[in-house]
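As numbered in this note's numbering, residues 1 to 128 make up the sequence shown, in order.
In case anyone wonders, no lab produced these hints; they're calculated from the structure.
Hints may be right or wrong, so weigh each one.
List time: in silico DSSO-like cross-link candidates among lysine-lysine, alpha-carbon distance up to 30 Å [stated by the list, open to error]:
no., residue 1, residue 2
1, LYS48, LYS91
2, LYS94, LYS26
3, LYS91, LYS26
4, LYS48, LYS5
5, LYS48, LYS94
6, LYS52, LYS5
7, LYS52, LYS96
8, LYS52, LYS91
9, LYS94, LYS52
10, LYS91, LYS5
11, LYS96, LYS48
Just the calculated beta-carbon pair ranges, DEER-fashion [to be verified]:
no., residue 1, residue 2, range
12, LEU107, TYR83, 22 to 30 Å
13, HIS32, PRO105, 22 to 30 Å
14, LEU9, ALA62, 34 to 42 Å
Positions of the beta carbon are idealized from the N, C-alpha and C atoms, including for glycine.
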Amino acid sequence: MEENKDASLLVIVLDTNPSQRIIREKPHNLTHCLDSIVAFANAHLMQKAQNKLAVLACHHHATQFLYPTPGKPLDIRQVDGQYEVFTLVEKTIKQKLAHMINTAPPLTTPTESLLAGSMSMALCYIAR
(Lines of atoms letter the chains of each structure in order from A; the text may use other names.)
(Lines give C-alpha, C1' and ligand atoms only; values in the text may rest on other atoms or scores of the structure.)
Protein backbone atom coordinates (compact mmCIF):
# COMPACT_ATOMS: atom_id res chain seq x y z
CA MET A 1 0.00 0.00 0.00
CA GLU A 2 2.87 2.36 0.78
CA GLU A 3 4.29 1.94 -2.74
CA ASN A 4 1.07 3.17 -4.38
CA LYS A 5 0.98 6.15 -2.05
CA ASP A 6 4.21 7.49 -3.54
CA ALA A 7 3.23 6.72 -7.13
CA SER A 8 2.17 9.54 -9.41
CA LEU A 9 -0.02 9.24 -12.51
CA LEU A 10 0.50 11.59 -15.45
CA VAL A 11 -2.24 11.64 -18.09
CA ILE A 12 -1.47 13.50 -21.33
CA VAL A 13 -4.18 14.38 -23.85
CA LEU A 14 -2.88 15.19 -27.35
CA ASP A 15 -5.08 17.15 -29.74
CA THR A 16 -4.08 15.73 -33.14
CA ASN A 17 -6.96 17.14 -35.16
CA PRO A 18 -5.65 17.94 -38.67
CA SER A 19 -8.01 20.95 -38.84
CA GLN A 20 -5.69 22.90 -36.57
CA ARG A 21 -3.87 25.64 -38.44
CA ILE A 22 -0.51 24.76 -36.92
CA ILE A 23 -0.77 21.18 -38.24
CA ARG A 24 -2.27 22.19 -41.61
CA GLU A 25 0.44 24.73 -42.37
CA LYS A 26 3.43 22.79 -41.04
CA PRO A 27 2.69 19.07 -40.57
CA HIS A 28 6.20 18.42 -39.23
CA ASN A 29 5.28 20.48 -36.14
CA LEU A 30 3.25 17.50 -34.93
CA THR A 31 6.41 15.36 -34.99
CA HIS A 32 8.36 17.97 -33.02
CA CYS A 33 5.57 18.29 -30.44
CA LEU A 34 5.31 14.52 -30.14
CA ASP A 35 9.05 14.19 -29.51
CA SER A 36 8.84 16.83 -26.77
CA ILE A 37 5.84 15.14 -25.17
CA VAL A 38 7.59 11.76 -25.17
CA ALA A 39 10.64 13.37 -23.53
CA PHE A 40 8.38 14.95 -20.88
CA ALA A 41 6.62 11.62 -20.27
CA ASN A 42 9.95 9.81 -19.94
CA ALA A 43 11.15 12.44 -17.46
CA HIS A 44 8.05 11.75 -15.36
CA LEU A 45 8.72 8.00 -15.45
CA MET A 46 12.37 8.58 -14.58
CA GLN A 47 11.57 10.43 -11.35
CA LYS A 48 10.27 7.31 -9.58
CA ALA A 49 9.99 3.69 -10.62
CA GLN A 50 6.38 3.66 -9.34
CA ASN A 51 5.23 6.55 -11.55
CA LYS A 52 2.56 5.73 -14.14
CA LEU A 53 1.72 7.25 -17.50
CA ALA A 54 -1.28 7.39 -19.82
CA VAL A 55 -1.42 9.14 -23.19
CA LEU A 56 -4.61 9.79 -25.18
CA ALA A 57 -4.96 11.17 -28.69
CA CYS A 58 -7.96 13.26 -29.62
CA HIS A 59 -8.57 13.32 -33.38
CA HIS A 60 -11.45 14.62 -35.50
CA HIS A 61 -13.17 11.23 -35.54
CA ALA A 62 -12.15 9.41 -32.35
CA THR A 63 -10.27 9.44 -29.09
CA GLN A 64 -7.89 6.57 -28.32
CA PHE A 65 -5.42 5.55 -25.68
CA LEU A 66 -1.94 5.58 -27.19
CA TYR A 67 -0.29 4.36 -24.00
CA PRO A 68 -0.74 2.02 -22.19
CA THR A 69 -2.21 -0.38 -24.69
CA PRO A 70 -4.65 -3.07 -23.64
CA GLY A 71 -3.35 -6.59 -24.02
CA LYS A 72 0.22 -7.58 -24.72
CA PRO A 73 2.71 -4.69 -25.00
CA LEU A 74 5.08 -4.42 -27.94
CA ASP A 75 8.14 -6.65 -27.89
CA ILE A 76 10.86 -4.07 -27.29
CA ARG A 77 14.55 -4.64 -26.81
CA GLN A 78 17.01 -2.19 -25.32
CA VAL A 79 18.35 0.27 -27.89
CA ASP A 80 21.73 1.98 -27.46
CA GLY A 81 21.65 1.61 -23.69
CA GLN A 82 18.24 3.31 -23.43
CA TYR A 83 15.98 2.16 -20.61
CA GLU A 84 13.46 -0.36 -22.02
CA VAL A 85 10.44 1.48 -20.62
CA PHE A 86 11.45 4.67 -22.46
CA THR A 87 11.74 2.76 -25.72
CA LEU A 88 8.39 1.08 -25.08
CA VAL A 89 6.68 4.42 -24.42
CA GLU A 90 8.14 6.09 -27.50
CA LYS A 91 7.53 3.22 -29.94
CA THR A 92 4.02 2.49 -28.67
CA ILE A 93 2.87 6.12 -28.80
CA LYS A 94 4.29 6.74 -32.26
CA GLN A 95 2.98 3.47 -33.67
CA LYS A 96 -0.54 3.92 -32.27
CA LEU A 97 -0.72 7.57 -33.36
CA ALA A 98 0.43 6.71 -36.89
CA HIS A 99 -2.24 4.00 -37.07
CA MET A 100 -4.91 6.40 -35.81
CA ILE A 101 -3.98 9.06 -38.37
CA ASN A 102 -3.69 6.59 -41.26
CA THR A 103 -7.07 4.98 -40.56
CA ALA A 104 -8.92 8.26 -40.03
CA PRO A 105 -11.71 9.01 -42.48
CA PRO A 106 -10.87 11.77 -44.97
CA LEU A 107 -11.48 15.26 -43.70
CA THR A 108 -13.75 17.18 -46.09
CA THR A 109 -14.34 20.28 -43.96
CA PRO A 110 -12.61 21.56 -40.84
CA THR A 111 -14.08 19.94 -37.74
CA GLU A 112 -13.85 20.35 -34.01
CA SER A 113 -11.68 18.13 -31.85
CA LEU A 114 -13.32 15.64 -29.54
CA LEU A 115 -11.57 17.22 -26.57
CA ALA A 116 -14.47 16.93 -24.10
CA GLY A 117 -14.66 13.17 -24.66
CA SER A 118 -10.90 12.88 -24.30
CA MET A 119 -10.96 14.71 -20.99
CA SER A 120 -13.78 12.46 -19.78
CA MET A 121 -11.78 9.37 -20.73
CA ALA A 122 -8.73 10.76 -18.95
CA LEU A 123 -10.71 11.51 -15.78
CA CYS A 124 -12.26 8.03 -15.82
CA TYR A 125 -8.78 6.51 -16.17
CA ILE A 126 -7.55 8.55 -13.20
CA ALA A 127 -10.55 7.61 -11.05
CA ARG A 128 -10.40 3.86 -11.70
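**Report entry** Pairwise beta carbon distance, LEU107 to TYR83, judged against the given window 22 to 30 Å
**Finding:** violated, 37 Å
Report task. Quickly compare the C-alpha distance for LYS52 and LYS96 to 30 Å and report which way the hint goes. Result -> holds, 18 Å
Requested in this report: Decide if the proposed pair is consistent with the structure: LYS48 and LYS5, CA atoms, cutoff 30 Å inclusive.
Outcome: holds, 12 Å
Query raised in the report: Regarding the pair LYS96 and LYS48, is the alpha-carbon distance no greater than 30 Å?
Result: holds, 25 Å
Query raised in the report: Between LYS52 and LYS5, is the straight-line Cα distance small enough, at 30 Å or below?
Result: Distance ~12 Å between LYS52 and LYS5 Cα, so the pair holds.
Query raised in the report: Taking 30 Å as the top limit, are the C-alpha atoms of LYS48 and LYS94 close enough?
Result: Holds, at about 23 Å.
Query raised in the report: Honestly, do LEU9 and ALA62 meet the 34 to 42 Å range at C-beta?
Result: With Cβ atoms ~23 Å apart, the hint is violated.
Query - LYS48 paired with LYS91 [C-alpha distance capped at 30 Å] - result: holds, 21 Å
**Report entry** 30 Å limit on alpha-carbon distance, applied to hinted pair LYS91 and LYS5
**Finding:** With Cα atoms ~29 Å apart, LYS91 and LYS5 stay inside 30 Å; holds.
Query - Pair hint outcome, LYS94 versus LYS26 [Cα-Cα no greater than 30 Å] - result: holds, 18 Å
**Report entry** Hint check for PRO105 and HIS32 - Cβ pair distance inside 22 to 30 Å
**Finding:** holds, 26 Å
Query raised in the report: Has the given pair, LYS52 with LYS91, been kept, meaning a C-alpha gap of at most 30 Å?
Result: Holds, at about 17 Å.
In summary, the numbered hints that this structure violates are 12, 14.
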